[in-house]
Amino acid sequence: MSASNELVLKVRNLKKYFPLKKGQVLKAVDDISFDINKGEILGFVGESGCGKSTMSRSILQLIKPTGGKILHHGDDLTTLTAPELRKRRREMQMIFQDPFGSINPRRSVSETIRMVLAIHKICTNREEEDKVITNILKEVGLTPVETYWDKYPAMMSGGQLQRVSMARVLVLQPDFIIADEPVSMLDVSVRIGVLDLLLKMRELHDISFIYITHDLATARYVCDRMAIMYMGRIVEIGPAEEILQNPQHPYTKALIAAVPEPNPEDDDVELPLKDSTSGVSGTEEGGCRFFPRCPYGKDICEKSVPDFTNIAENHKAACFLLGDKVKTIV
Amino acid sequence: MGINYIVKKLIASLLTLFAITFVNFAIFRLAPGDPVRMMFRDPRISIETIEKMRVEYGLDKPMVGQYFSYMKNLCKGDLGISFWQKKPVEEVIAERIPRTLLLIGTSLIIAVILGTLLGAIAGWKGGSKTDSAIMSISMTLYSVPSFAFGILLMLAFAYHLAIFPLGGIETPASGYHGFRKAMDVAHHMVLPAFSIVLWYIGQYIIITRSSMKEVLSQPYIMTARSKGVREKKILTRHALRNAFLPLITITGVNIAFMTGGIIEAETVFSWPGLGRLFYDAVMKRDYPLLQGCFLVFSVAVIVLNFVVDIIYGKVDPRVKIGGKAADA
Amino acid sequence: MRDSYKLTKIKDFFAMFFSHRMGKWGFIIFCFFIFIALFAPLLRTVAPDASGDVSRILQSPDKISWLGTDDLARDIWSQVIYGSRVSLTIGFVTAFITVISGTFVGIVAGFKGGKVDEILMRIVDFFMMLPHLPLMIVLAAVMGASIWNIVIVISIVSWPSTARLVRSQVLSLKESAFVEAARCLGAGDATMMTKEILPNVIPVMFAQAVLMVTETIYSESVLSFLGLGDPTKISWGTMLHFCFESGAMSRSPWWVFPPVICIVALIISFSFLGTSISDILTPGYKETMGY
Amino acid sequence: MAILEVKDLCVDYETKKGTARAVNHVNFSINKGETLGLIGESGCGKTTTAMSLLGFVSPPGRITGGSVIFKGEDIRNYNDEQMRKLRGASISIVRQEAQNALNPVLRVGDQIGEVLREHGEKNNKLIEERIDYQLEMVGISPKRKKSYPFEFSGGMRQRVMIALAAIAEPDLMILDEPITGLDVIVQRQLINLLAELRAKMGLTALLISHDLSVIAEMSDRVAVMYGGYIAEEADVVSLYKNSKHPYSSALIESYPRIRGEKKTLKSIPGAPPKLLTPPDGCMFADRCQKAKDICFKQVPESVVVDGHRLRCHLYSGNSKGGV
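Protein chains in written order, with numbering that gives the first Met the number 0: chain A, 0 to 329; chain B, 0 to 327; chain C, 0 to 290; chain D, 0 to 322.
Do not rely on the hints blindly, as some may be mistaken.
Said to hold, decoys possible - Listed below are the simulated EDC-like cross-link pairs for lysine to aspartate or glutamate, each with C-alpha atoms no more than 20 Å apart in a straight line:
#, chain 1, residue 1, chain 2, residue 2
1, D, Lys124, D, Asp73
2, D, Lys6, D, Asp73
3, D, Lys262, A, Glu145
4, B, Lys8, C, Glu174
5, B, Lys124, B, Glu94
6, D, Lys261, A, Glu126
7, A, Lys68, A, Asp174
8, D, Lys273, D, Asp73
9, B, Lys128, C, Asp278
10, C, Lys8, A, Glu128
11, A, Lys273, D, Glu135
12, C, Lys5, A, Glu138
13, C, Lys10, A, Glu260
14, B, Lys8, C, Asp278
15, D, Lys145, B, Glu213
16, D, Lys262, A, Glu260
17, D, Lys31, D, Asp234
18, D, Lys265, A, Asp149
19, D, Lys262, A, Glu138
20, C, Lys111, C, Asp48
21, D, Lys265, A, Glu110
22, D, Lys261, A, Asp174
Stated by the list, open to error - Among the chain B residues that face chain D by a calculated CB cut under 8 Å, a handful are:
#, residue
23, Thr222
24, Lys226
25, Val228
26, Phe256
No lab work stands behind these hints, which were simulated from the structure alone.
Quick reminder that beta carbons are idealized off the backbone N, C-alpha and C, glycines included.
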């Protein structure tokens, strides 16, 4: 697609641990590394609690990561001072899941965007602000602009509000946006509209996106590459179509099998999983986190953490039972 | 319920207790004006006498030293000498405690039982005529200070109808013993108890009602209805139990607030308990006694709060088992 | 468009308020007392603290003294009229102080979290554990009786409940996505607290302020009744105190009833106002009432 | 034989700003052993429809017309006690997993058994056996009946809700978004579980969802709801392959899939209508690509075309008799 080779974000060994009772730690994000090129959309797919939201908040420094580096155009965000970070925020933005909650209910559409302009002192006078707001509302498809100018969130639909979120972020001209489940709370009929807007923004402004979702189908629709997350780790990463057509990790396979299809003639699906009810890992340390549910698990899976194995160009998965290794272990 | 839970609550209570002793010390010493001067407002008292008093009460020493000797005495159970009664404060107070307990215990039991019942009915019949009637009455009751109830009750039932005595705890010099004495005390207690009940019941109804309404809006009530559970059973089995839980906590929080009602009622009816003692101490500017009373009230509140926490832990399975919901 | 939206919301609020029976009655009684307090100099017959003719001590109501006189032959009617000024002033001033300070602490504690929150909340918990009336009595006794000391005393005891309430609101607001969004958009702490969080706790502050007025009027009357009121200002509580102490209570109901009725009526009016406002602010009320 | 027949059901919400018709002359029936899928977006009236079947329409909402005929009797005429006896025993419901759908202070087993107790079963031993059996059926070990709801995960709680709804072997089970909000794999497990129950118990169900794929996997017939009325109703295969109503077609074309070739998807412009100020004509007209003049003026009548019952002016010419 339109992804170039200019690196926008480089994440290395990102970790976020939360202390639990009795000295235990919850490794919400555990050793995650990836790159994003300019204009690229990378999807992170996983179930609730897999750490995808914690990861995105760590990247944007909304919470402080426990370890690792986040390089944005070569500068490590974890070492920036608070004022530096606030300036840098212009370039890295986020779109939230809940359209009704993420916009202050006490501000109208134009006030919402004006507030952002004020924070970063983007315009010098009100006329200029009005012009910027008008343009951005047109760009995100909230036309005629006069209709929406003075509307309050309570008077708008989820799809429209998500466009306002988009507009408020785009006035800052960021080069990279994290979209955290941007359509999961929207009605089916307006989802594609918002996703199309996302794609259009990428085309127009060469913005890179991290698209966080639990939904493989919408991820397929917008992503160039996708990463499958399981309990704080990436288990498989690669080009979106490649992952869907040729999944390698047992968890990816289970996830794909689980997705219901809008096709009444489909056969019933058996899940390739060992334990049907438990989603909680028994192996805390050392082993593959998917081991307790994996139908193909071997001794080694319980003892050590699998490294990534390259499957094809840009496609790799973290499992002992893949590629060359399969022969040596099995 | 884990031992951890109890220990944690106990430590918190002890810390509060310690802080209260400090406040109790500080209020009387850091306040504007000279404590001894304030105790003896009579201008005829000579400077020398005041100086003597100051030495006697250890007020000439530096603050830190005063605090340590105060704490030392406190640990020994020594609360100082009451100016007014010329007796050790702890003795004066000890004599009053059972009478206050009798009065407050009786009124509290009546108020809680009646209040819960009426509040539950109001909440259950939310929006109906019964509800608004109970609510209007309880709002009114809640708004009337306990002393105002006391005065009105006294005017009506003691002065004009003369059914009940004007005040005190027993008929003076009656020489009653045993059952007759008990009946006499009960007779004296009716009006003060009633004024506390009236005052407290309003609050309790309001709290119970809102707790009830909150519970009734929960999805599990809908689940029970869709199971075809009888309305009566939804009330008793599903709603009341859950409505009681916050009620227990709120009762705990309210204990600090409740001390007010006792002082007011005991003052109006001259019930010789802690509340009346507190009032007399204020009137007589008897600071050691005032300090002692305040400490006792504070300790009582802490102890009761601790008890309430323990009860809560026993009743709520979420605390009892101490588990965390399994992850999805 | 924008103004009409805000206007509709305000209109809805008032429509709900006046169709709420308690709200309506609370408002009527409240207006009545405000009227009396404002026009006290015009409504009185004599100066409230002017001792009258010795022959008119404990005079029952007649043509000269509409509500009779007290043991110093002072006119009860005039005292009652002026008493409303004391109650309302103390009520409003204290409510203002406690709500502002409580909100400040609540927002800082809730927003900053961590150590700051821990320390502030410990203090709040401690204050809430102290027995309220005894603390007020002790403070008033030590500080001496004056109207401003009463305001201070009641404020010391009352601010923590507002702080706690506001903090819990702030905690849930802090979790809300629009606050996180504001941080993401580059807003600093000050902006977030004043522009994002504060406007959303104003309704709670408003409801709490009404509640605080109720509690203050209540507390003032109790303190004054116990003889800790400002001796230079006649309030309903001090009237009852003198009545009780003089031993003339049984003989002069005209001295007892007016202040009792006024205290109760004023407190009820605020309780009603408070209940109706918090009812209206309860999520879902608007929908069930069909607005 | 139709277990349930809903005829011309109307539910109105009366607000100070006017009346909103949440359910607008809705007609459908469910035969024994059949699952009818009711699909629609938020606010289309699907949940209100379900709740009115159980007599749970609370003010300011009110059923203003139509009849609900359950096993030959119009239950709209039932009194409170008759309705209570119906609920849980004859018609049960599983709703969207909410944190508090189960009473937090009662043991899970007791909450399941309560259904039988409240409908007259006195034999404790029998009840316990039934609870064990039912728990096993939904894939939970009977040993866990002594647990409290907070000790279960979201998926497990939903299994308990299913056990609870099925224990009295009701004639009709309403599944209102039964798997929404749960994880993909848990969703799949529940879909499989419900399919199993259907096979074992011969379940008759009304399945409500906003998710095309869930409806596709689990129902026999589908009714598409939009703006309070049923836009199209047909056999599931026919509807997905051959939808006739422009709204159904647009919905299906906007749905992303993970299998097969990647296609460009079309979004539906605009937003659903406001029920307080409904348009004069067809509810979908201002979002419809094929709308004609008449669509903006007149509410379309129900017509039957090739086994599809629809409300659309595009087909009013070749109607084969309205319903």
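Outcome of the hint check:
1. D/Lys124 <-> D/Asp73: 36 Å, violated
2. D/Lys6 <-> D/Asp73: 10 Å, holds
3. D/Lys262 <-> A/Glu145: 35 Å, violated
4. B/Lys8 <-> C/Glu174: Given that 20 Å is the threshold and the Cα spacing comes to 28 Å, the pair is violated.
5. B/Lys124 <-> B/Glu94: Violated, because 46 Å separates the two Cα atoms, which is more than 20 Å.
6. D/Lys261 <-> A/Glu126: Distance ~45 Å between D/Lys261 and A/Glu126 Cα, so the pair is violated.
7. A/Lys68 <-> A/Asp174: 19 Å, holds
8. D/Lys273 <-> D/Asp73: 31 Å, violated
9. B/Lys128 <-> C/Asp278: Satisfied, since the Cα-Cα distance of roughly 17 Å is no more than 20 Å.
10. C/Lys8 <-> A/Glu128: 28 Å, violated
11. A/Lys273 <-> D/Glu135: 18 Å, holds
12. C/Lys5 <-> A/Glu138: 28 Å, violated
13. C/Lys10 <-> A/Glu260: 49 Å, violated
14. B/Lys8 <-> C/Asp278: 34 Å, violated
15. D/Lys145 <-> B/Glu213: 26 Å, violated
16. D/Lys262 <-> A/Glu260: 15 Å, holds
17. D/Lys31 <-> D/Asp234: 15 Å, holds
18. D/Lys265 <-> A/Asp149: 29 Å, violated
19. D/Lys262 <-> A/Glu138: 25 Å, violated
20. C/Lys111 <-> C/Asp48: 51 Å, violated
21. D/Lys265 <-> A/Glu110: It is violated: about 32 Å lies between the C-alpha atoms, which goes past 20 Å.
22. D/Lys261 <-> A/Asp174: 27 Å, violated
23. Thr222: Holds, because the Cβ-Cβ distance from B/Thr222 to chain D comes to roughly 5 Å (cut-off 8 Å).
24. Lys226: This interface hint holds because 4 Å falls under the 8 Å limit.
25. Val228: 5 Å, holds
26. Phe256: Violated, about 27 Å.
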